[in-house]
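Chemist: Residue numbers (the working numbering), protein chains in the order written: chain Y, 1 to 292; chain P, 293 to 749; chain S, 750 to 1053.
Keep in mind that the hints were calculated from the coordinates and are not lab data.
Some clues are possibly wrong.
Distance ranges between label pairs, derived from CB positions [as the list claims (entries may be wrong)]:
#	chain 1	residue 1	chain 2	residue 2	range
1	S	Ile-790	Y	Ala-7	55 to 63 Å
2	S	Asn-823	P	Asn-381	28 to 36 Å
3	S	Leu-787	Y	Trp-206	16 to 24 Å
4	Y	Ala-7	S	Ala-872	17 to 25 Å
5	Y	Ala-24	S	Tyr-908	17 to 25 Å
6	P	Ala-657	S	Leu-828	16 to 24 Å
7	P	Asn-372	S	Tyr-908	31 to 39 Å
8	P	Ala-427	Y	Ala-137	53 to 61 Å
9	Y	Trp-206	S	Leu-783	18 to 26 Å
10	P	Asn-372	S	Ile-790	38 to 46 Å
11	S	Gln-782	P	Ala-492	44 to 52 Å
12	S	Leu-815	P	Ala-690	38 to 46 Å
Where chain Y lies over chain S, by a calculated footprint (3+ residues, C-beta under 8 Å) [claimed, not checked]:
#	stretch
13	873-885
14	941-947
15	952-965
16	969-980
The beta-carbon is built from N, C-alpha and C at its ideal position, and this holds for glycine as well.
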Amino acid sequence: MTALTSARTKRRIAPYLFVAPFVAVFLAFSIYPLIFTARLSFTNWRGFGAAEWVGWDNYTYLLGNAGFWSSLGNSSVLWMLIIPVQLVLALLAAVLLNNSKLRLRGFYRVAFIVPFVTPLVAIAQIWVVVFDQNYGAVNGLLNIIGLPDVGWLTTSEWSKPTLALLFIWKTTGFIVLILLSGLQSIDASVYEAASLDGASPARKLWSMTVPLLRRTIMFAVILQTLAVFQMFAEPFVVTQGGPYGSTTTAGYYLYNHITRADLGTGAANSFLLVIIVMALSLVFVRLLRAKD
Amino acid sequence: MQQHQPRRPAPIRRVLVLGLAASLVLGVTACGPSINEPSADADGARLQAPSDKSPSGEITIWDRSGDLFEVFDAAIADFNEVYPDITVNHEAVDIDAKLQNTLITGTDVPDGVFLDDAKVAGLADSLWDVSDVLAPYVDDIAEQKIDVNSINGGVYGVPYDSNPGLLYYNAAALEAAGVDPTQIETYDDLLEAAREYQAAVPGSQPIHLEQSAYLGQLQLEMYASQLGTSVADAEGELRLDSPEYEQILTFLDTVQKDGLGTRAEYLNPTDIAQLESGSQVFYPWAIWFSFATQQLLPETAGDWRAMPLPAWEDGGAQSGAMGGSSFVLPRDGENSELAWLFYEFLMFDEAGYTAVWGPNDVYPAGLNTSIPSYGPAADPAAPLFGPVPELGNQDLWAVATAASSEIPPAVPTPSWWAGAVDYLGNNLQRMLDGEMTPQEVLKTSSTDITSNLIDRQ
Amino acid sequence: MSTSTLTQPTFQSVAATPTPPTRSRPRPAIASQLFLALLTIGFLAPVFWALLSAFKPANEIIRSPLSFDPSTFNLDNYLAMFHDVPIGSGFLNTGIVLLIKGAITLFFAPLAAFAFAKYNFAAKNLIFGTVLITLMLPTIVLIIPLLLEMKELGWVNTYQALILPGAIDAFAIFWMRQVISAVPDELLDAARVDGCGEFGIFWRVVLPVIRPGLAGLAVLTIMNIYNDFVWPVVIASSDQMATLQVVLSTLAQNITGNRIGADYATVTGELLAASSVALIPLLVLFIALQRHFINGILAGSVKG
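Next up, chain Y with everything else stripped away, as it sits in the complex (with noise of 0.2 Å):
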């Protein structure tokens, strides 16, 4: 009876052993500076002198800002030409690469890695090269088959896609991976079942994998959304937000407040985005249990 008990002790202290060494790391590292953000949000620092009260200032200067809102048009705009295409490339890829069988599979998974640890500012020069407008490869393989010069890097309509595709590239590999490890905790004997049935690869990606693997799938999504709305690497190496601001991301928007030293703008700013990524995510999130 007493070795029930004390177990049962030990059962409702464990949990807080167990995160208390994250929740120290966590308060001093994360929370002491968010706190202070918050307040910033609410101050007109520059960095140098006293900071003084603003109030709402900075979230009302944000909202009623063009800026602002076209940062997260664009930031829209990306999400909806990286998300789906990204998502059934991954999708793909991790199914296959899922097969033991297959061959060079070892080459494949490493390979796919290769884009997340390549230094990006080594990449953006080869992205400025091929698309350029003139004497870039994509428009020479255009041209070859009759299409017209397209401005890429030059026009305010193709910007977006070409770095979509930078960022496409850069990040995909991760997704397979979160794929991979969603994947292999499906059970086979689900498909086996199914492959009783005869059902067709494609019907089964579709009918039963992809309905298995929501969680991660929706789990891959809201990472990404979160890395979209917050993308900021890629714009600043290749297009420095242009042309006129169109690639100007909602990261980026952000990270120009910062480095002009407007501080508490900057705070204001990325508070008014974890609103909105949340706001997001919860929408996710309901899609995924309206599919319950």
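Position chains P and S against the provided structure of chain Y, taking the given hints into account.
Modeler: For chains P and S alone, coordinates are given in the frame of chain Y:
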């Protein structure tokens, strides 16, 4: 089909709302860290030279990586011959990413930093006023360089280089087409020469039109500098909507409308190809374009020459400043006065400036992408770097020092200058796209810069 | 429903499921190889471009970026890069941070996530909600507050400043909670009946079962630490403390973000050389981990 339901976690929405509420409550209640307030005592911020006869100590100097870093690095040995007891800790760092944060937090602050002129004003609060130590030299320094570093009567940077705008032109191509570049004295003449060249070489696009919003705005400021103006006056008041700017924009608009320009980003593949093919033959740019002729244009190497910029009207100034850097000394540096000795040596001592611009290991023919801003160093009769073979052995030193002396007085660059690219820089590109008139560019940009940048200071 | 047990690698996963032979069998195999090969070419081509270009004369990288003439290949960019930047100490520092920060994250994140997924305790939802908020907060906005904090602690230019902020990060908690939630409770209860302590359950039951997820987290953690530069650039200001990415960003500043220095070409060459050098150890690490990664996945599979 999850066969094992885990203990259902709380609905994600509730969890999120809880978290947000917690962070807001914590944020608004004043239990966070306090914002530190560095002393902003302007009077006590004038740097004095050390009185010690043989000063000693250690200084940390930040520079951008690259060739210039190597040049400065090599000059340290020369410096130590004069000041053997000062140890220079020379570091290549990402200055844009690091300096502002370092100054704000006041941690491990370097004693001296290489900085764009355009960024000095924004950081002046945490820099030493060097006007006292600079006093013996100030009369000999290019006026424009002192001006850009002067804020409220103080001088916040030790001027490094002068970057006069020059007109680079493909002399061989022009000669073959029968166009005489020596006749170009004003921008109207330049337009005329471009038309002549285009008539001789059909399909050519003779004049460079910058397509990068940032560099386009930088070049616009070069043109403005020629006219003695800039986006903001000494008090930081916007003065964009002026006849000077309208004249410049109308010129650029004409080049575009009449099909006389190559629209490309500085030295991107299109730009290089147009330069090498003889289609683009006029490049009004800062002196540092000389590196392109030396490294990136082998096919037309030797064909290029430089001359002072055309004037906006007869007898007007034939150059304007485009870019340029200075050395700043953060107030929180430990041995700022020793760092001053280092910069004093580099810029105002013959051994110093000869080590920088003269022939050295990195640049065997000398550093010819800028000239000194210190008069005695920039003596037209005593070139520090030699003739440039890629410019047909032209004496670039003579051209540049003459142009530099033409640059009109200036004012400091406002701290929001780079931010203005979103408005002025972009609108300039829209004009070159044919979507805006020069007047619209100036009106719209003024309104937007005022409400988004100046009013938010 | 059987009580879940750890199984030997007896089952075959999704596409490998034994199927009755059908006529169309070889075609999907070719199609999948084709698809994967195309994707791989797309992923690797830019990297090969960078690796090869690093051997070209620096000005040729800018002038004719897409042509390669092996007769002009040389090591100048590498020599210049090794001479100009402290890439050796960059590797050392990145290695140290990787080892310590990686170990901390890979142990403590699943541990905390285990508590979030499988226990009830006071303030659980509050803490987890805050975790989600910080996950959504762009990290760049925290840089200056963190830097001020480091100054108070006297940690500027120290390893602890490079290691502790961002260790056990919110994302790792979020992901691991997701993974551990899927571990059947029956498995834990069975272990309890066998007399396993709570930590024993984590160590001997949960960790082995979630090995695929853990392997994924390991890969991601390694990559994130390796790629991180925003924080290291500001906190590690001395050459002795610079990580690999700090070294790279020092080079890159001259050619990105509107910066076109007069040494545009030489710096581009050095940057590509440095990027190539930076890529290689990580590739080797992944290739070495590859076998382990797959083994881990098979050993860890759970049969329902």
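Chemist: Against each hint, give a clear statement of whether it holds in the structure.
Modeler: Hints, verified against the model:
1. Ile-790(S) - Ala-7(Y): 55 to 63 Å: For Ile-790(S) and Ala-7(Y) the Cβ distance comes to about 57 Å; the hint holds.
2. Asn-823(S) - Asn-381(P): 28 to 36 Å: holds (33 Å)
3. Leu-787(S) - Trp-206(Y): 16 to 24 Å: With Cβ atoms ~22 Å apart, the hint holds.
4. Ala-7(Y) - Ala-872(S): 17 to 25 Å: For Ala-872(S) against Ala-7(Y), whose Cβ atoms are near 24 Å apart, the range 17 to 25 Å holds.
5. Ala-24(Y) - Tyr-908(S): 17 to 25 Å: holds (18 Å)
6. Ala-657(P) - Leu-828(S): 16 to 24 Å: holds (21 Å)
7. Asn-372(P) - Tyr-908(S): 31 to 39 Å: Hint holds: Cβ distance 32 Å, inside 31 to 39 Å.
8. Ala-427(P) - Ala-137(Y): 53 to 61 Å: Holds - the Cβ-Cβ distance for Ala-427(P) and Ala-137(Y), about 58 Å, lies within 53 to 61 Å.
9. Trp-206(Y) - Leu-783(S): 18 to 26 Å: Holds, at about 20 Å.
10. Asn-372(P) - Ile-790(S): 38 to 46 Å: Violated - the Cβ-Cβ distance for Asn-372(P) and Ile-790(S), about 54 Å, lies outside 38 to 46 Å.
11. Gln-782(S) - Ala-492(P): 44 to 52 Å: violated (58 Å)
12. Leu-815(S) - Ala-690(P): 38 to 46 Å: holds (40 Å)
13. 873-885: holds (count 9)
14. 941-947: Held - the stretch 941-947 of chain S has 3 residues with a Cβ nearer than 8 Å to chain Y, which meets the minimum of three.
15. 952-965: holds (count 4)
16. 969-980: That given contact holds, which follows from 4 residues of the stretch 969-980 of chain S lying within Cβ reach (below 8 Å) of chain Y.
The structure shown violates the earlier hints numbered 10, 11.
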